[in-house]
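Chain residues, written in single-letter form:
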Amino acid sequence: MKAFIRYTFLLLALSMTGYGLGPDQARAADPADSGGASIYETGEDYEAFMEELEEEEGESQAVQIADPLYYWNKGVYHFNDKLYFWVMKPVTRGYKAVTPQFVRTGVSNFFNNLGTPVRFVNNLLQGKSEQAGVELGRFMVNTVAGGLGFWDVAEYESPLRDRPNEEDMGQTLGLWGVGNGFYIVWPLLGPSTLRDSVGKVGDSPLYPMFYVDSTGTIIAVEAVDRVNDLSFRLGDYESLKESALDPYTAIRDAYLQYRREQIRK
Amino acid sequence: MKKITVIWLVLIFFTGTALVSAAEPQPMEELKGPIQKGIAILKDPEYQDNREAQREKIWDLIQTVFDFKAVSIRALARNWRILSPEQRETFTKEFTELLKNNYLDKIQGEFQNEEVVFVEQDMLSDDKAVVRTKVIRKNVETPIDYRVHLKDGKWRVYDVNIEGVSMVQNYRKQFNDILAKEKPKDLIERLKEKNNLHAEERQKKG
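Line by line, the protein sequences give chains R and H.
Oh and the first sequence: position 222 is 222 in the working numbering, straight run, nothing missing.
Take the position in the second sequence, starting the count at 1, then add 1000; the result is the number in the working numbering.
Everything labelled a hint here was simulated from the structure, so no lab data went into it.
Keep in mind that a hint or two might mislead.
[Claimed, not checked] Subject to a maximum C-alpha distance of 20 Å in a straight line, what follows is the list of computed SDA-like cross-link-like pairs (lysine to any residue): (1) H:Lys1134 with R:Arg233; (2) H:Lys1138 with R:Arg260; (3) H:Lys1183 with H:Glu1029.
[As the list claims (entries may be wrong)] Below, a sample of chain H positions facing chain R; criterion: calculated Cβ distance under 10 Å: (4) Leu1098; (5) Leu1099; (6) Asn1102; (7) Arg1132; (8) Ile1136; (9) Val1140; (10) Glu1163; (11) Met1167; (12) Ile1178; (13) Leu1191.
[Unchecked claim] Here are the computed distance ranges between Cβ atoms for each label pair: (14) R:Ala223 with H:Gln1026: 45 to 51 Å; (15) H:Glu1052 with R:Asp246: 25 to 31 Å; (16) R:Lys200 with H:Pro1025: 44 to 50 Å; (17) H:Gln1026 with R:Thr215: 24 to 30 Å; (18) R:Leu83 with H:Glu1141: 52 to 58 Å.
Note that beta-carbon positions come from the ideal geometry of N, C-alpha and C, so glycine has one too.
Input sequences plus hints: build the corresponding full structure.
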């Protein structure tokens, strides 16, 4: 897969140097380059600017990804989209209307606390021992003194105040040099990559819910977590979609850029 | 993926009566004024019943801080070359309109007394810098970085990066995909359509 990405990269680099442009296009662009008055449109400055841009674009191609499941992904994307507007959003609105903010914050804290084992282990796997220590400290304090995590009492302890970065197995694998593989959109779960999906499976034994036998309970708990989480960011999805010319591509790219940043942190 | 978008809103807090600057304007200092002024306009009760006036007021400020031409060229990157001079102009105009609509909707619709913290500035070169900020909403912190370049003695924004997602790169991907299958004029047409639809909807709302 890495070889494939490198190959794509090379092709892109080649095409950017102008070899990829057909002779017609290349000629068509020429008169335009000398016509304008702005520094962006003419002369050496323009060329330098374009070169710099292409370099930058090379960097951005690093978050390019193969999408062999395009038709499946697009179908699931539409399914998730409908699910959001027809189910998740109305339910969350109702929930938000009847649930005071402090309760929602408490529920959010509780689930965040339950996620500690995943973050703790992955911090260790990534050699971030200090962060792992903070996670452990927060977990103890919040579980014992914060009513099983509903209150983030660790906020009042200066070394434990800030929540460390989110860490998961997908990021750990990324840090170890595993590439994204290809893009995949899961029903309900949304955008992911092969690597991040493998990571999710790897993380699952670290979630307490993994050890609950009743499927009904798992679904109920998961639903509360999702709805509560969504209640803090209703409207985000709408505006991401609204701002895009091609929402599918926009979301795919945003996911990849976002994950790359998470791995970097 | 969380709140990535939430925040696209804030880029707008840019505005700026350019403080006539001393010899060496500092990028972070130069962004501070307009952002704070933008927030003040959003909070100003005078505009509570006059959204259109507020919208235009904020837009005036944004235009002095953002270099939309640079944003447009960067978003198209190598595709900029295949546009004719007229197309470049129309594209810049329509793309700017799209960004304007998105962001003004966002900040006007969802402003919740967010606080903007200016973290630091990194000079990338003599005429390029990153200004790092954090937007704090309730207890959620979101990092927002502004990329600025020096143009005519003023620091102007050419990209906004929210939680690691660059706006310019995101549009670049979309434009690349579209231009792989369609002609530049089709892309411009798409932008126009989207903007017209938005204008109609705004009119309906009054």
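Exercise. Quick one, are Lys1138 (chain H) and Arg260 (chain R) close enough, alpha carbons at most 20 Å?
Worked result: The hint is violated at about 26 Å.
Exercise. Would the hint on Arg1132 (chain H) stand, with a C-beta cut-off of 10 Å toward chain R?
Worked result: violated (13 Å)
Problem set entry | Assessment of proposed distance window 24 to 30 Å (beta carbons of Gln1026 (chain H), Thr215 (chain R)) | Between Gln1026 (chain H) and Thr215 (chain R), where Cβ atoms are some 59 Å apart, the hint is violated.
Problem set entry | Hint consistency between Lys1183 (chain H) and Glu1029 (chain H) [alpha-carbon to alpha-carbon, up to 20 Å] | This hinted pair is violated, its Cα atoms lying about 42 Å apart.
Exercise. Quick one, are Lys1134 (chain H) and Arg233 (chain R) close enough, alpha carbons at most 20 Å?
Worked result: holds (17 Å)
Exercise. Given Leu1191 (chain H) as an interface hint, is the shortest Cβ-Cβ distance to chain R below 10 Å?
Worked result: Since the shortest Cβ distance to chain R is 7 Å, the answer is holds.
Exercise. Hey, does the Leu1098 (chain H) contact hint survive, CB to chain R under 10 Å?
Worked result: At about 8 Å, which falls below the 10 Å cut-off, the nearest Cβ of chain R leaves the hint on Leu1098 (chain H) intact, so it holds.
Exercise. Are Val1140 (chain H) and chain R close enough, Cβ to Cβ, to be under 10 Å, as the hint says?
Worked result: With a minimum Cβ separation of about 7 Å from chain R (threshold 10 Å), the hint on Val1140 (chain H) holds.
Exercise. Is the hinted range of 45 to 51 Å satisfied by the C-beta distance from Ala223 (chain R) to Gln1026 (chain H)?
Worked result: This hint holds: roughly 49 Å between Cβ atoms.
For this session: Confirm or reject the claim that Lys200 (chain R) and Pro1025 (chain H) have a C-beta distance inside 44 to 50 Å.
Result: Taking Cβ atoms as reference, Lys200 (chain R) and Pro1025 (chain H) lie about 47 Å apart, which means the hint holds.
Problem set entry | Supplied contact hint for Leu1099 (chain H), tested at 10 Å Cβ to chain R | Holds, about 8 Å.
Problem set entry | chain R contact restraint for Met1167 (chain H) - C-beta distance below 10 Å | holds (9 Å)
Of the numbered hints stated above, those contradicted by the structure are hints 2, 3, 7, 8, 17, 18, listed in ascending order.
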